[in-house]
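Start counting the sequence shown at 1; every next residue gets the next number (our numbering).
Any given hint might turn out to be false.
[Stated by the list, open to error] With a cut-off of at most 25 Å between alpha-carbon atoms, the simulated DSS-like pairs for lysine-lysine come out as follows:
no., residue 1, residue 2
1, K732, K722
2, K694, K722
3, K79, K694
4, K694, K640
5, K635, K732
6, K732, K694
7, K733, K640
8, K79, K193
Honestly, the hints are just simulated from the structure, not real lab data. Predicted, not measured: the structure shown is a model, and the values here were computed from it.
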Amino acid sequence: MSPQPPGTPSRPSWPSHPTPVTSPDPATAPPVADPRWARPALLALLLVTAVLYLWSLSSSGYANQFYSAAVQAGSESWKAFFFGSSDAANSITVDKPPAALWPMALSVRLFGLGAWAILVPEALMGVATVGVLYAAVRRRFGAGAGLLAGGALAVTPVAALMFRFNNPDALLCLLMVCAIAAVLRALADGRTKWLVLAGVCFGLGFLTKTLQAWLILPALAAVYACCAPVGRRRRCGQLLLAGLAMVVSGGWWVAVVELWPASSRPYIGGSQHNSFLELTFGYNGLGRISGNETGSVGGGGRPGGGGGGGWGQTGITRLFSADMGGQISWLLPAALILLVAAVCVLWRARRAVAAEQAAQRAEFLVWGGALLMTFTIFSFMSGIFHQYYNIALAPYIAALVGMGAALWWRRGGRLAALVLAGTVAVTAGWSFVLLNRSPAWLPWLRWTVLVLGLLAAAGLLAAVGLPARARAGAPQRTAAPDGGVAAGRDRAPRGAAGRRIAVLAAGLGVATALAGPVAYTLDTVNTPKGGSIVTAGPSVRGAMGGPGGGFPGGRRAGMWRGHQGGVPGGAPGAGQGGQGLPPGAGQGGPGLQPGAGGPVRGGKQGSRQGFPGGFGERRGTGGLLNGSKVSDRAKALVEKDAEHYTWAAAAIGSQNAASYQLATQKPVMAIGGFNGSDPSPTLAQFTREVADGKIHYFIAGGRGGPGGGKGGPGGDSGDSSKITAWVEKTFKKVTVGGATFYDLTREA
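Construct the complete structure from the given sequences, taking the supplied hints into account.
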């Protein structure tokens, strides 16, 4: 190595501007070696993430019993495994495609039914997502950026929530990060195989949560079409091949289901005409955007900014609201600031830009496009929207924060200091607002974050203004290869003191930015979660429906369509969780512990599980969003002679049926599917099954949601209501362990 020229500082106070890459193909440049600490730091990050996600995992029991029952069914029957049936006798499927159930069902087949067998695959998906995100960010921006991105994702509250839960969102998040990582590799070297791999990830994502997997597809396709390092014709061919891979990897299962005779497969849950395509484009598709969701529990805000409706206020501020903010928005302002600043500075340099900077710009466009597409749709969609959906945003935010911080730290100078200091100050201020929504929870933390964050921002600004002790002949300004944008015009050299202050301020800024999410995440990890709607962190002031946003999207109980003034199955105005709650719903409904039937804590003041206890839940009676507590006597009754029947029992709604199925590990028919509003079975079909001796008991009292396409259980014309009325009139009632059963083999 040649000696430095006289007068050159031996160590810059900020990392110097990266040497421009002169090769037209950045993929041909040799990879930059990681520092020695990179690999141990990565291993430490993955280990801490694994401990965080596995800690006290079994305390949540079966978590969402709706999916756990389908997992149990898939572990008993390969047909149920393939279709995603709610029970091993294949009466009806869950209202999603089955890919997310497959890893859990295989785990249960290997290790037996239990909380760990169901939830450990989800936690491992979380660790894998952090690792893939690290690798994707590190490749272009370095190990430090990758570690910051991976750490930010790991402690995002909604990510910690869902990677410890059994909803489909964990697998979907992993597949979307893998898809983006593959697109970035394709952007780097132009190889078709990476784009095809991305298409496969999107196809598998479709089999996980249908059209939600394709929200970011237009943005990624547009960036590749504009920025790929190959000719236009080749780009078009590659995109067509990727689309074909997506269709094949996601469409094979759809084709089998649609071609399979309906009489020999389970009913497609969530649809009104036993069609997966209807489910895809209706209830789980365009209906989520417009709010027109036949068969759902209601929903439907007015489209456009400021629209309100059944699933909360829509508009640009939706994800910052009391219901959503603490789940995902801690670093969202920082990600947006760093995205805009990075794109602007890289775009200004487009005529003289080095290949490396062009590649960086493309990566910002990929992650930023994914963030903006998802953010916009989530903000304005009028259909069903739950707080935990926001996990989809977590990796995009984390990646932009890691990339943006690394980019501006390396560039140095006054502009970089302004961007970083402003980002830290805004993040500290927003963290104060979020923490202030729970004033009784760690009251010291919000002030600590605010004060230290502002101190870190001031330190970053001060470090730029500290003059270096220049030697004779040392230049006071340097020329930047891009004409001054990167470093030359605004660089003021600093000495060792300035560098130390900059490093300390940056470290303090990262710590304060992550302090709020870490606190929320630790609270989430230490709180058992159960039911269909779960949230991270403590109770929150200002959320509709009680502290913590106890209703989906802020819906008050009295707003349920067709049930003004009350909740189906509950008394108007009762309860503590919000207006119109049924008795006891504000206390957190009992969940089912594996093998025991003990309670799962629903959260503080009836808020942390969305609708703790479900609608009208009483002992032995399931609700829409949570199951019931199954007593030992009730369990013994259902298990009696169960081997002589196809279904040991039947119940209205999937949650009530799931409770008994998990307790007994016997098939229980979920009449009407999740909402109780699917026309499966019809009254004629149910009476035929009873006459053939296939169902032993009918469990009374289960409640689904209103608004079904044929009336639902809340209406007089619904199939569920007709079945209930016929059973009550025809068969003998038995009360056991606080629950009411009808013996379908003994007429009244």
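- [ ] For the pair we were handed, K79 and K694, check the Cα-Cα distance against 25 Å.
- [x] Distance of about 19 Å is within 25 Å: holds.
- [ ] Compare the distance between the alpha carbons of K694 and K722 with 25 Å, and conclude whether the hinted pair is satisfied.
- [x] holds (19 Å)
Open item on the list: With the threshold set at 25 Å, check whether the alpha-carbon distance from K733 to K640 stays at or below it.
Closed with: Since the Cα atoms of K733 and K640 sit roughly 16 Å apart, the hinted pair holds (cutoff 25 Å).
TODO: Would you mind confirming whether the straight-line C-alpha gap from K732 to K722 stays at or under 25 Å?
DONE: Measuring from Cα to Cα gives roughly 17 Å; hence the hint holds.
- [ ] Decide if the proposed pair is consistent with the structure: K79 and K193, CA atoms, cutoff 25 Å inclusive.
- [x] violated (33 Å)
Open item on the list: Next pair to validate is K635 with K732; report whether the Cα-Cα distance is within 25 Å.
Closed with: holds (19 Å)
TODO: Starting from K732, check that the Cα of K694 is at most 25 Å away, please.
DONE: holds (17 Å)
Open item on the list: Given the hinted pair K694 and K640, is their Cα-Cα distance within 25 Å?
Closed with: holds (14 Å)
Checked against the numbered hints listed earlier, the structure breaks hint 8 alone; every other hint is satisfied.
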